Amino acid sequence: MDTDIAGFNMRQVMVSAASAEIKNGEVVFVGMRLPMLAFFLAKSLHAADAVGLYELGIARDSVAPMPLMTMGDLPNLSGSLWLADTGDMMGLLQRGLVDASFIGGAQVDRFGNLNTSYVRDKNGKVTRLPGSGGACDLASLGKRHIIIMSHEKHRFVERVDYLTSPGYGTGVEWRKEKGLTGGGPSAVITTLGVLRFDIKTGEMYLASTHPGVTVEDVLKNTGWSLKISDTLSVTRAPGREEIDILKNLDPGGFWTGN
Amino acid sequence: MAESKLLNLQDAIKRYIPSGSSLVIGATLETMIPFAAGHEIIRQGKKNLTLIGPISDILFDQLIGAGCVSSVKAAWVGNVITGSGYNFRRGVENGSITVEDHSNLTITMALRAGAMGLPFMPTLTALGGDLYKTNTGIKEIDCPFTGRKLTAVASINPDVAVIHVQRSDEHGNAHAWGNFGIAREACLASEKIILTAEEIVETEFIKRDPNRVITPGFRVSAVVHAPWGAHPSPAPGFYNRDHEFFLEYREFSKNRESFRNWLETWVTPVRNSGDYRKILGAGRMDSLKIKNHMLSEGVDYGY
Chain A
1099 MDTDIAGFNM
1109 RQVMVSAASA
1119 EIKNGEVVFV
1129 GMRLPMLAFF
1139 LAKSLHAADA
1149 VGLYELGIAR
1159 DSVAPMPLMT
1169 MGDLPNLSGS
1179 LWLADTGDMM
1189 GLLQRGLVDA
1199 SFIGGAQVDR
1209 FGNLNTSYVR
1219 DKNGKVTRLP
1229 GSGGACDLAS
1239 LGKRHIIIMS
1249 HEKHRFVERV
1259 DYLTSPGYGT
1269 GVEWRKEKGL
1279 TGGGPSAVIT
1289 TLGVLRFDIK
1299 TGEMYLASTH
1309 PGVTVEDVLK
1319 NTGWSLKISD
1329 TLSVTRAPGR
1339 EEIDILKNLD
1349 PGGFWTGN
Chain B
76 MAESKLLNLQ
86 DAIKRYIPSG
96 SSLVIGATLE
106 TMIPFAAGHE
116 IIRQGKKNLT
126 LIGPISDILF
136 DQLIGAGCVS
146 SVKAAWVGNV
156 ITGSGYNFRR
166 GVENGSITVE
176 DHSNLTITMA
186 LRAGAMGLPF
196 MPTLTALGGD
206 LYKTNTGIKE
216 IDCPFTGRKL
226 TAVASINPDV
236 AVIHVQRSDE
246 HGNAHAWGNF
256 GIAREACLAS
266 EKIILTAEEI
276 VETEFIKRDP
286 NRVITPGFRV
296 SAVVHAPWGA
306 HPSPAPGFYN
316 RDHEFFLEYR
326 EFSKNRESFR
336 NWLETWVTPV
346 RNSGDYRKIL
356 GAGRMDSLKI
366 KNHMLSEGVD
376 YGY
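Taken in sequence, the protein lines are chains A and B. Start counting the first sequence at 1099; every next residue gets the next number (the numbering used here). Start counting the second sequence at 76; every next residue gets the next number (the numbering used here).
Just chain A, same shape as in the assembly (with noise of 0.2 Å):
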């Protein structure tokens, strides 16, 4: 879609769709990149109490007073609520007191399945991806948590090749046989849709696609036929005020664009 135009683009369109996700006096484990914009955002907007937790040892209740790359920068140290251990915040994860956790991911099933670790071509050629960081603690632990990733045909797969941070598993009842703890995966925000699990099998499904993004560009991107919500809608589409916060917050574009 023509930015110019429409005013916003697809990223702007993700973040904004994953800020709304979280709901006001939450305690968010935030992750890398996309997700600590989209916590800033829910933040400035409609979720003002929310209280941001990261895994370097940070508890934040105010968005940074500068914009940051990443969730180590000063400013984001500068201020906090707590400066602790990382075992102190993974303690809270698995506690069971983290209402939300955002992750990204490279590789993703039709259950929800995280592959941050391993991925496998064609040919059988392996390429070694960065690992779980948090990702895997949050998606085992955290009430519910939400994916961010780019919607393409060789990331959404029938099966990861390596499940680096659990979904649903084979199906519903996978965690509980597992011993999980976690609620699983309630989104997965893509530069396509927003897609959400049947609570009856843990299969995912299409919940809205982006403004200008047809089913069709979302099944052709999708490694296996995915089921389509009866209620499908249009992703709420980014206002001038949300634009304005997000260009604040990454003003130079690095990771929303221009």
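Keep in mind that the hints were calculated from the coordinates and are not lab data. It should be emphasised that the depicted structure is a prediction, and the values quoted were computed from it without experimental measurement. Treat each hint with caution, since some may be false.
FRET-style restraints, in silico, Cβ to Cβ [what the hints assert, rightly or not]: (1) B:GLY222 to A:GLY1355: 49 to 59 Å; (2) B:LEU193 to A:SER1331: 44 to 54 Å; (3) A:GLY1177 to B:GLU168: 38 to 48 Å; (4) A:PRO1163 to B:GLU339: 37 to 47 Å; (5) A:THR1299 to B:GLY95: 46 to 56 Å; (6) B:GLY142 to A:GLY1177: 39 to 49 Å; (7) B:SER333 to A:GLY1355: 21 to 31 Å; (8) A:GLY1281 to B:GLU168: 28 to 38 Å; (9) A:GLY1177 to B:GLY373: 10 to 20 Å; (10) B:PRO219 to A:GLY1222: 38 to 48 Å; (11) A:ASN1122 to B:ALA77: 50 to 60 Å.
All C-beta atoms in this analysis are idealised placements derived from N, C-alpha and C, irrespective of residue type, glycine included.
Got chain A; can you put chain B on it based on the hints?
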């Protein structure tokens, strides 16, 4: 008075990190990563190191690219703001390094078990996941009290922890502030500790604020004065993160040859922190300095 542990960086690395060592270097994920110490390890041509850590930004990628590493036990290896670590990727794909895949929580538990003198620590993470397939130190157990499934993480006791701090006395009593990552577990779990410090201060200065001490000095083997020793990562109270450096590194690390050029610029010609700062340049250092100060109030430890 106890003996001084103050050494220059060359001697500290030479004495305490022989080839084949296992080490935590960069325990704080994004901040306070001991890059100066890592670069000295590269210059001394150490081999067959095992790197242990959660996320150490691009330091692990540099050590792997320089051929110092045979194995990695980590949660994430890459470039935090850009993604992939290309040397890491090449190393795994050509089989020159082996990896035990952790999450941030499992590596924390491995070091916490080491710190507590226990064989393992239980956690609820990773159940049903593939970390089990690529880490021999992760196994499922049943809780002896509730019967529920738990992930047992085998302890890790590294040979050495290299930790960057804001200030230390010459005996290894050191103040650190900011986020701690897994630095405290890493110190307690490791056989030896090397501290690199922005400033060397008097012991009395440290003792006036013992809550800020990262680990007890009697366990520290060496203290190195290393101003700007965490650059390009940020050091609270001293300098901000040098984002440009990480973006440049991404380009240089894309292939082996340009990575060699990167080493020739930033690592090989450096003999001490003065050399490094000269290459960095006064203008760049000025732009990274702390500009918005926020000083805490002192507290009364008196009786």
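Hint-by-hint comparison with the structure:
no.	hint	result
1	B:GLY222 to A:GLY1355: 49 to 59 Å	holds, 52 Å
2	B:LEU193 to A:SER1331: 44 to 54 Å	holds, 52 Å
3	A:GLY1177 to B:GLU168: 38 to 48 Å	holds, 43 Å
4	A:PRO1163 to B:GLU339: 37 to 47 Å	holds, 39 Å
5	A:THR1299 to B:GLY95: 46 to 56 Å	holds, 51 Å
6	B:GLY142 to A:GLY1177: 39 to 49 Å	holds, 42 Å
7	B:SER333 to A:GLY1355: 21 to 31 Å	holds, 27 Å
8	A:GLY1281 to B:GLU168: 28 to 38 Å	holds, 35 Å
9	A:GLY1177 to B:GLY373: 10 to 20 Å	holds, 18 Å
10	B:PRO219 to A:GLY1222: 38 to 48 Å	holds, 43 Å
11	A:ASN1122 to B:ALA77: 50 to 60 Å	holds, 54 Å
The structure shown violates none of the earlier numbered hints.
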